[in-house]
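Once you've looked at the hints, go ahead and assemble the two chains, each given alone in its own frame, into the complex.
Chain by chain, the residues:
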Amino acid sequence: MGAYRHFPIFMITLPILGAVLLPFLGYLRQKWVPWAAALPLTASTVLGILLIGKIPSDGYLSYHMGNWEPPWGIEVRVDYMGLFLMLIVCGITLLAMVFSRRYIAKEVSGGRLTAYYVLFLLMSGAMLGFVATGDIFNLFVFMEILALSSYALVAITGNRNAVRAAFKYLLMGAPSSIMVLLAIGFLYSATGSLNMADLAGRISESGYTEVLIVSYILFVIGFGVKAALFPLHMWLPDAHSIAPSPISALLSGLLVEVSAFAIIRITLSVFTSGADNLIGGTLDAVGIFAAAAVLYGGIMAIMQKDLKMMIAYSTVSHIGYIFLGITALTAEGLTGAMYHMLDHGLAKACLFLCAGSFIYVKGYRRIDDLKGAWRQMPWTCFAFALASLSVIGIPPTAGFISKWYLILGNIEAGNYLYVVILLAGSILAAVYCFRIIYCMFFQTGKEGAWEDSAHDASISMLSPVWVLSAGTLFFGVFSYLLIPSLLKAAQYLL
Amino acid sequence: MRLLHNYQYVAAMLLFCIGLYTIIVRRNIIKKLIGLNIMETAVFFFYISLGYLDGGIAPIRVGGADPSRMVNPIPQALILTGIVVAVSVTALALALVILLYRQYGTLDVDRLFRDEEKEPESGTERGGTA
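If you read the sequences in order, they're chains A and B. Residue 297 in the numbering used here sits at position 311 of the first sequence, and the numbers go up by one each step. Counting from 1 along the second sequence, just add 26 to a position and that's the residue number in the numbering used here.
Isolated chain B, as found in the complex (with noise of 0.2 angstroms):
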């Protein structure tokens, strides 16, 4: 009966584990990406839900509004954080695709790792594009 009043966790947990699913299964390297992104959401989901009060005010004291209607500012405040930080993981994740599917023609992640042992090694050379 807790799992089912709960339910809101249960569905950020399902999402999560999606995402999961979608980084690890997925060949293609934008696939995997969104299901970077999924797991994000289900994580700014459960911190969301985690301040969420049925009917809530704004938590702002003007008025004498009542405290214990208020909905908890603080996950809503760390997500804003959160947000920002997977908008920027997710923007380098992208621009390393670009130079990827630049320098190998492809963004599956079989052929892409490959070739991996047999690859001369070749740290002081200066290739690409950028």
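The shape of chain A in the complex, shown without the other chains (with noise of 0.2 angstroms):
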């Protein structure tokens, strides 16, 4: 055992840290708290990219806090669809830092500045342990960190419609955390255990099988809320299309994904495919919902006029995706939902960060108002169209690999009605994206809407965008660099 074995708690506790001093800078020297907030997810990233290759694919690293043994201590445990995770939430945090320095310096200023900082380190870091964790009260607690910096995040500019987004994603949020803490009590008196790998086996033991059914039915209620599946997403168009930029690319990339991750964990690691007599019943309504989901984001989404509500909406129908991949309950569906977990949070916070830029820009946030945004913003436009087609799956995007999977697991498990779904919201993503992609390059513009004033803007901002639309397009040519290796994790896992 190395030194790598302590990196899961560190990636964990450096934002956490960082966001318990950064006041104190911000105090003292406002101007560089910026780039100290870079600094330790930074740290978190690097300590990521080092744990590459030390976590098999069918095991796990556990660190015990404290050491005190597991089930009594609290362990972090990290597979390798954890780690995966982890470094998705890594890398895509650190992108939306760098873009965040010069778009949010426009929308915020003086405290809150220091504050929406703050808050983004603290959501960071509660989202990287609400994925390692594996103790089942700690992941309430994280996910409770997580979901209050949100709350706030989408209303640090202070403005009418923030502060209204904000209190609707409480109020939904809010009650759903409460089901959480209520599912796990139930848990917890069914079992007497709080540690997942230790339900996992007491689970089986345990007699009281509405108890475990009724907890299992308010984790998928409480997590689903957060995830925005289908009839609890009314919180997410709001908050997504209201929050700054870089934060509807943290919400929409990540927070969704993360609290999809959590059912995956709650499915497969705490109560086991084994048990199908518990869960059975609420993963088949689970996949109906997310069906429903598919396809409802992708008809509201081709009825929006605003682009970042556009955005939102695919994002609900995206869930729908990752929802189906995990029903499905076959190696290959699950290898495809932790990939679309991948190029969605790539593709969507490419998207959210180029609506930022046509915001920092121009003010624009109308869909009209983007005709013939190509002559001026070509970079931008460029990037927003790569990751267009990830969204759609279109073959050298990674978008087309998770939903080849997808498909494939549904296939294997017989839901032949579901991959009909996944295929329609394919077309689906194909009109949103392409009415877009049409306005903005083979439109002309409205007299005086784009002067020749107007430019990408500048390198800090255009550069995660490239980065995070380079990444889909990456991913789906060398996916055979993690395919294997996640379809062993998923086949350990079922």
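Incorrect hints may appear among the rest.
Distance condition first, Cα-Cα at most 25 angstroms in a straight line; then the derived SDA-like pairs of lysine to any residue [unchecked claim]:
no., chain 1, residue 1, chain 2, residue 2
1, A, Lys92, B, Gln129
2, A, Lys92, B, Ala121
3, A, Lys92, B, Arg128
4, A, Lys40, A, Ser471
5, B, Lys57, A, Ile207
Rather than coming from a laboratory, the hints here were simulated on the basis of the structure. Just so we're clear, the structure is a prediction, and the values are computed from it rather than from any experiment.
Structure below.
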């Protein structure tokens, strides 16, 4: 055992520690805050990259907090999929942070600027902890840190729509957190344990079938609100479209995905796929809702006039994809769901940051205003187009790979209806994405909408957009680097 | 009979439902927050009653105390964390309520969300007082 086994806990604590220290720096030297805030995230990313290859795809890295053995102590357990998602979280938060420096200075100022970075770090640290923890109560605590910082970040501008969207988000989010807490209570009362690995053994022996079923349903509802699964998605379009763009990128690219990952953890690590009598019925219902989400999100996205609103509804649709991969309960489906988290994270973050660039340069939010944007902001528009291709799932991009595996997984599970819905979702995605691309590249804008002085945002805003956009292409072409290990990890989990 | 025997769980669930009902049905946002707190209290009550033992003693092993008579301290420790979380959520929610009231002049959800559709998009403008 080398020093690397301490890395996961440092990945989690460094951003949180940074968040604690940052207000002091903000008080003394406000100018340094954006640079200082990037430090802990960079450190986490480096530690995460150093961990690559240290975790076998059919094993895990367990870290006992304070050297207390689980199931008594708190365990941090990083398996292959956990590390995969932690790296996505690190990468996207770091890029969004780079993008933030110029963007957010235009929207908030003074003490709120420091608050923005504090909450940002808190949110990224909480997401990492949420993915890595092996203790179910810790999962709740990290979820609450994550939720509280995201409510505050949606409202950070103090603008009336933003406050209202944040309140709407809170009104749905807070009861869902309480439901998760109640679910943990039921689980604890039926088994007497809080460690996930320990719970997995005890659930099969526990006789309290009804309690466990109710507990699982409450977990799915609780995390379903956070993940914006179809009938519980009402908060998402408002919050995602009104939040500052880097925050939209985090909410849409990461928050909904780590919540979906929490459902994977609860389903496969705690209840395990062997407990079919406990989770089978609920998973069937989730599958139906997820299928509805794919169609509903796609249709609503087509109807939107506001660019960020459209991207937000597209997220509703893509969450359906991820859940259809989970409910298939096959290795291919799970691999598809995990890979979809990667490509959806990259593509959605890229789309929201592009939308942010348009807002930053011209203040344009409506799709109609983007007509002819290509002439003045070619780099942003090309990045947007590339990410859109991944959202649709056109072959060389990562979106194609993940949809391929999602469909394969559902064929394997015999859910042919879902296969049709997944394909239909792609067609809807093509409709709403090509509409924007058509607007940008092939239509001429109104007289005076784009004067000659307007051009691409500065390099510090353009480079994150291009890294994300190139990422969708890279992970599409070089998918063989990850897919075999993910398949093995999925088989290990099932 | 089992239901009567575990009457404290029934009470907790009733309280939970009252809270949920208040959040869903009441139009005043302060009342919604009160409902939220009732829900939280119900869950805390549920946890504490899990660890309760009739005539139990504090879980401290001094002077050969009998472990079988000790109350379970874990739910209490968990709920201490839960209370902290609940206080933070309430504080943030009340801060948002103050901002909402300053900018809309109402606490009624129907009036708050009524003009949502036709509101012009104003993402970059910075308004309000903090």
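Can you name, in rising order, the numbers of the hints this structure does not satisfy? none
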